[in-house]
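**Student:** Use these hints to put chain B onto chain A, whose structure you have.
One-letter residues, chain by chain:
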Amino acid sequence: MAYAYLFKYIIIGDTGVGKSCLLLQFTDKRFQPVHDLTIGVEFGARMITIDGKQIKLQIWDTAGQEAFRSITRSYYRGAAGALLVYDITRRETFNHLTTWLEDARQHSNSNMVIMLIGNKSDLESRREVKKEEGEAFAREHGLVFMETSAKTAANVEEAFINTAKEIYEKIQEGVFDINNEANGIKIGPQHSTAGGAKAGGAGAGGAAGGGCC
Amino acid sequence: MAFLEWRRFTFFDVHNNIDNGKIAECLQDTHVTVATSGNNHVILCDLTGWAHLISRSWEITSFKAYELIITHAHQLPHDTLLVTIGEDETGVTPLIKVWDWSRVDRHGNPKCVRTSRAVPSHMFPTPATALAVHDNKNLLAVGFQDGSVSLFRGDIARQRGKMKTLSDTGTSPITGLAFKDTDKLFIVSRNCIMVSYVNSEKCVVLDSMGAVAGCSVLADRHRLTVATSEAIYCYTTEGRGPCYALEGEKLRLNWFRSYLVITTSETSTKPSGSSTTPKSHHVTILDIQNKFIVFSKTFEEIDAVLTEWGSFYILTKKKEMIYLDEKDLQSKLSLLFKKNLYDVAIRIASSQHYDAEGLTEIYKQYGDHLYSKGDFKGAIYQYVKTIGWLETSYIIRKYLEPRHLEPLIQYLEELHKKGFATEDHTTLLLTCYVKIDQHDQQGKLKLFINSKDKAIDFDVDVAIKVVRQVSIDDALSLAANHNRHDWYLKMMIEDKKEFKQALDYIAELEFDDADCYMKKYGHKLIQHEPEESTELLKLMCTDYKPRSKPLVDESSLVGRYREPDRSTPDDFIHMFLSNSEKLIIFLEHMISTDVKCSTLVFDALIEHYIHVWAKSPNSEKVIYEQKILSVLKEPESNYDKDHTLIICQMLGFKAGILHLYEEKKLWRAQVSLHMRSGEADLALAVCRRRGAVCPRLWLDVLWTPPPPRCLPDLLHVVATEKLMSPILVVDCLASTPTYTLGDVRKYLMDVLKSEDEVITREQELATKYKKEIENMKAHIQVIQHEPVTFQSSRCAACNRPLELPTVHFLCQHSYHQDCFQTYSETERECPACAAPSRRPEALPHAAEALHSRLQQQHDPFAVVSEYFGRGLFNKVTVVTEAPTPSPPQSSSVSEAATLSYGPGAEAKLRLQEGQSKQIFVSNTAKQIPPKGSSIVPVPEGRMRVLEQQKYSSSLEAHLTRLEPVHVQKDRDSPISSAISNGNPFEEYDETKNPFSEESDPTNPFENDDYDKNLNPFAS
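Each protein sequence line maps, in turn, to chains A and B.
Numbering follows the UniProt record's numbering, in which position 86 of the first sequence is assigned residue number 86; successive positions increment by one, without gaps.
Numbering follows the UniProt record's numbering, in which position 46 of the second sequence is assigned residue number 46; successive positions increment by one, without gaps.
No lab work stands behind these hints, which were simulated from the structure alone.
Here the structure is a predicted model, which is why all the values come from computation and not from measurement.
Check each hint, because a few of them may be wrong.
As the list claims (entries may be wrong) - Below, a list of computed lysine-lysine pairs in the BS3-like style, where the Cα atoms sit at most 25 Å apart:
id, chain 1, residue 1, chain 2, residue 2
1, B, Lys364, A, Lys29
2, B, Lys418, A, Lys151
3, B, Lys496, B, Lys519
4, A, Lys151, B, Lys417
5, A, Lys151, B, Lys497
Here chain A stands alone, though its shape is the one from the complex (with noise of 0.2 Å):
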């Protein structure tokens, strides 16, 4: 399917925070309750619209355990877009915050769009973190902050989007350099020209990523 963009993303978190459920409420629209645990690194893509462009998330889901860190820390290099997610249920989830946020900044370009996301806000009556300390932590790293049911739905569809929309607007800004695949952003084939000529010369790089693809 012809895309204008193609942003790829992360979902980084503790384990059973829910990000395997994210990525399946956002592409498949289905929660599935009981979800085995991911090995290594999973795959979702969908196309959204922003500013009337399609776009498309490519979005790779990691798993959370330890174990794998190693695996999935090399996924964070070519990724525009991350969704950090803890589980508002669960303390130490947010606790791990920290360690993840230093492992993202340090493993993926300095221009990625993080989003923290506090899950399972459904399970309001297990509630451990409040939504304020939420609110105060993405305050205090500069990140977009955002509660998600993964089982409801609500906000998922928003959290993704709007990860999207602030890195459009990078790029409009002329943040990030859109011929860098390294950024994990990729100019469609069919945009490949447009987009060069917008992002102002450089656009032979572009050009020929399109072509390849």
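**Tutor:** Only chain B this time, still in chain A's reference frame:
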């Protein structure tokens, strides 16, 4: 081994030593260096340069391929071509050989169709480390130790073509090559993974990590799967894809169908230093799609994993062939069921395209399992998937308890969405909604009802029925949403009793609907909302438009003529049953707008006018009377007169009755009405007006009886018109005690006087006739007994002197015989006398007259009865004297008699008849009840007069006839004589009778050779 891994199953059965040791026997003590398979054969190559071609039945064909060793081999899957790389001499660049084992050379070995050096373009000898051949036989790639990759394009089975070394492939040894389509080549080296575009010779690095030999495979023909010690990564031509963490030192990767076969070296717990412990390898088979481990087992050291003949074969170092037999789906599933892994079963079944029915069964089992565990909501998710296959009652029964309402609702909603719901399901669903709403006020019912777009497909009628029992308002909105006007109105009227709203609703509808529902519910609406209903009806019967529509619609703007929708007022009249005033308003409106109203409209209008008239106080009666009469008199009014008359009579609307009598020419009824109401003057007025046409009116007045003051007038008419015999008049008058003689004196006097005159006249006539009779008798006497002298000297015909031979008649006429024969028609009659007495031929025979009348007149029965009344069909006994030939001497007497009965006699008779009319009537009216009187509305007396005229004409004819042959015995009765002559069957013309037995020469069928035996109706 990773401590976290996918679920583990055993979907493969291990069969050891499947080849019965044949391979071991063949290979003996050499080692297999490379194994490949394809085209139904497995090829094993050993250290000594031998290649062994093994067929499915374990027949082994061996041939020496190289002098020293074979390092790589690739068997094309669909061809008999085998590509090998090996060495014939040490230290020399290896050789690529292509074998076609379907052909044999002169030694009986497979034919080598190509031999070329495997060397990169820089020509420094370096060992080949990887080989890839595309299935289309036109692409071949060889990877070398020094990192270069040579690509050969062209038919690999021919000598021509050139090797080309790709650029930018790095320097680390190439460990794997795989073609993706015809234009991309995956290159795996120790340090990196690349994709090379064959056409553009561009090489793109996909990842900066490599793999050892054998640990990369092209999965599903498009995904390169590479195993590292910690995980298995997937690559597409665009870059790295998902990865699966699986620790362990991988030795080999194989791909079979959707399974990834991983051979890892088992790290034994013992220190590996001891060489005595044999190495062991572990085989893990992954189902990538479903993410299971479908097989996992440790074997002895493995030389090769072969995928051929539809399954896996493992060749161990000891040259034992182990066969891994994949279980069939059913046993896989039962395995999963045993472990209650229904979700997995479903995944597997659907990935293997299990049929829907089978899947349903799994869903059902899963549902049952969850149900039994108490996870009702989870179970319903599974049950929902069985919709369309599984009997719904099975599930519904399980969830009938009140605490299961929500799952049940969910199930039923799904059922509706998928369109499998029946009426009962809808009912149940709605009932559930109702229950749950009562319980926690979720308003589900409202939500359901208001779903206008019919997110859930259901039978609206059933829904309305159910909801109606619970909440009328909801049912109403449901009906309104789905345009179930009938239900809406029904509920509005029957349940809510909001007649005004119902009316408004109808007014919004399209014409057809409005018409239909107004007919249905109009009665009730009129009962309760007479004003508005009437207005609406008026509208509907003139030019209806839904209230919501704009006054001027587009089509009329364009100029097209719109046929106005209008219903017939007839259909609505009955609704106004008890509301005459409104009906009148309605109908008046109808009549005023539409002239072509049906009879019913007028009838109803008149009827209700009269009803209102009857009920209204006297002061208003006049208004209505005028209205009624104006309608009645209006020539356009199309009402049923009889019907209206009955109504008028019932309710005593006299003006109407009179008008209608007048219209219907029922003057007698008019008269009797007047008489009943004692308005004799009016009655007489009618008589005067219509008496000429219907004299009977006078008699009616007479019989009523009228007040004395009217009598003189009345009696005068009766007397002058001779309407009734005086005896009867007297009889009639006598029955009324109030009359005095004075009232009738004049009449009686007049009558008596006229009677007296008649009597005198009759007597005169009688004497005269007697005298004539005497004369005739004398004449007869003369003729019979006395001689007659023929004295005439001239012929009565030619008036010349008589000459013999002559003919003489008693009438004193003499003829020449010649003349007589010329003139006379019969020998017996005197032509001179016979001629005037002959009846005019124009007069038809009585029988024929009867026939023609029967045909012409519209009421043949009346004709017949008239004849019958005259006694024509009575058996008449006619006594006649024997016809004696008249003696010639009596002719003079006969002539005298003729004279007295000449034309003068006829005139006299006519006179007498006129005078004797009344007497005749008075006599016969009582004696013979005329049968035809009821049919022919001619007053009796008149008829009699007419009859008499006929009789008299026939009498006259009889009397004036000369021929005295028939002598009536019963001479005093003129009727009988007439009958004797007028009996139609005496003079009946036999030739005109189609049924006559005599043969008729004109009958075209006479000589027909008709066979009576063929007549099916002949007995």
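**Student:** Are the hints correct? Go through all of them and say.
**Tutor:** Against the structure, the hints:
1. Simply put, lysine 364(B) and lysine 29(A) have alpha-carbon atoms about 24 Å apart, close enough for the 25 Å limit, and the pair holds.
2. Note on lysine 418(B) and lysine 151(A): the hinted pairing holds, with a Cα-Cα distance of about 24 Å set against a maximum of 25 Å.
3. Our distance criterion of 25 Å between C-alpha atoms is met by lysine 496(B) and lysine 519(B), whose separation comes to about 20 Å.
4. Distance check on the hinted pair: lysine 151(A) and lysine 417(B) sit about 22 Å apart at the alpha-carbon level, within 25 Å; holds.
5. Annotation: proposed proximity of lysine 151(A) to lysine 497(B) is violated, straight-line Cα distance about 48 Å (limit 25 Å).
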